[in-house]
Amino acid sequence: MDTKIVKKLSPNSKSNVYVTFLAGDGDYVKGVVGLAKGLRKVGSAYPLVVAVLDDVPESHRRLLESQGCIVREIEPVHPPENQTQFAMAYYVINYSKLRIWKFVEYERMIYLDADIQVYENIDHLFDLPHGYFYAVKDCFCEKTWSHTPQYKIGYCQQCPERVSWPADKLGPPPPLYFNAGMFVSEPDTAIADSLLAALKVAPTTPFAEQDFLNMFFKDIYKPIPLVYNLVLAMLWRHPENVELDKVKVVHYCAAGSKPWRFTGKEPNMDREDIKMLVSKWWDIYNDDSLDYKGDVTVATEAEANGVKPPLKAALSKAGVVHYIKAPSAA
Numbered sequence: 002m003d004t005k006i007v008k009k010l011s012p013n014s015k016s017n018v019y020v021t022f023l024a025g026d027g028d029y030v031k032g033v034v035g036l037a038k039g040l041r042k043v044g045s046a047y048p049l050v051v052a053v054l055d056d057v058p059e060s061h062r063r064l065l066e067s068q069g070c071i072v073r074e075i076e077p078v079h080p081p082e083n084q085t086q087f088a089m090a091y092y093v094i095n096y097s098k099l100r101i102w103k104f105v106e107y108e109r110m111i112y113l114d115a116d117i118q119v120y121e122n123i124d125h126l127f128d129l130p131h132g133y134f135y136a137v138k139d140c141f142c143e144k145t146w147s148h149t150p151q152y153k154i155g156y157c158q159q160c161p162e163r164v165s166w167p168a169d170k171l172g173p174p175p176p177l178y179f180n181a182g183m184f185v186s187e188p189d190t191a192i193a194d195s196l197l198a199a200l201k202v203a204p205t206t207p208f209a210e211q212d213f214l215n216m217f218f219k220d221i222y223k224p225i226p227l228v229y230n231l232v233l234a235m236l237w238r239h240p241e242n243v244e245l246d247k248v249k250v251v252h253y254c255a256a257g258s259k260p261w262r263f264t265g266k267e268p269n270m271d272r273e274d275i276k277m278l279v280s281k282w283w284d285i286y287n288d289d290s291l292d293y294k295g296d297v298t299v300a301t302e303a304e305a306n307g308v309k310p311p312l313k314a315a316l317s318k319a320g321v322v323h324y325i326k327a328p329s330a331a
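So in this note's numbering, the last spot in the sequence shown is 331, and the numbers never skip.
No lab work stands behind these hints, which were simulated from the structure alone. Predicted, not measured: the structure shown is a model, and the values here were computed from it. Just so you know, not all the hints are guaranteed correct.
Mimicking DMTMM-like on lysine to aspartate or glutamate, the simulated pairs with C-alpha atoms at most 25 Å apart in a straight line are [to be verified]:
1) 103 <-> 76
2) 259 <-> 289
3) 259 <-> 271
4) 266 <-> 289
5) 219 <-> 128
6) 42 <-> 292
7) 223 <-> 271
8) 294 <-> 74
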């Protein structure tokens, strides 16, 4: 990426914002409602902007506004035309997320997919040093990675010591790779324009915009601890890396794990920890006290006790960076 485009921005007087993305008239709107209520429950000080495509119906937009969301329509972004088979068919829609870098009225944004829930306040991530792209390392162990050499040899960033990368046969190990379902970045017109220009000449890859963002931001990517984006597959692929009681953000991206569609019949969905996390999501979604009430804010136990997460200590434990994939909120 052009270092002239990705410059170290200094803080200014603009505010921060959470951003999510929604397309179509399907049930992902429930995920956004749940996310809005979750951010309220943890006492976040910042608004949630929902970037929507023109196919999101008016009824869904009004519902989101009634939950305190700022609904902002964006134009779709189409990938270069080729015959690439996406890991999931709907990934192609997610290129439209590139438009959020145009939200320059905000100083900083934390992007969250609509199938994410926030269980502890993460506003402190807005205080990370500027000029970098922050996200959680992904995992290569699920079948959606079957097209990659990582999957074929059993190599994963989450536990690089388990299977060493065969540099003698495959060359240097792959660069660090993040899950694009949650990230911290800075809106900037130059970056937005550069993203769209780079997309015109970029190869289309199976993980769509996630692969593209990894290529684009590779030089300024900084990993943050997995507590900020727990991809559910970590529970059965790398349980030794997960302390569930310390997780702040859960990403319901595993097949069958969307709480609003949950049946428990898909592989791994009969696990007690999965059922507990799905129930936890529903507790927030069904809590009428978390509905938007104008200027009324929800006090949290953490705020009442003056607790602020020790981010720097957490970052020092981030360790190695890992590649993983996570479906987006399309």
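Cross-check of the supplied hints:
At most 25 Å may separate the alpha-carbon atoms for a hinted pair to count; residue 103 and residue 76 meet this at roughly 11 Å. Between residue 259 and residue 289, the direct Cα distance comes to roughly 21 Å. Compliance with the 25 Å bound is thereby established for this hinted pair. Between residue 259 and residue 271, the direct Cα distance comes to roughly 13 Å. Compliance with the 25 Å bound is thereby established for this hinted pair. Restraint check for residue 266 and residue 289: not satisfied, since their Cα atoms lie roughly 29 Å apart, outside the 25 Å limit.
Restraint check for residue 219 and residue 128: the C-alpha separation of about 21 Å stays at or below 25 Å, so the hint holds. Distance check on the hinted pair: residue 42 and residue 292 sit about 10 Å apart at the alpha-carbon level, within 25 Å; holds. About 34 Å separates the Cα atoms of residue 223 and residue 271, which puts this hinted pair outside 25 Å; it is violated. A threshold of 25 Å between alpha carbons decides the hint, and for residue 294 with residue 74 the separation of about 24 Å falls inside it, so the pair holds.
When each numbered hint is compared with the structure, violations occur for hints 4, 7.
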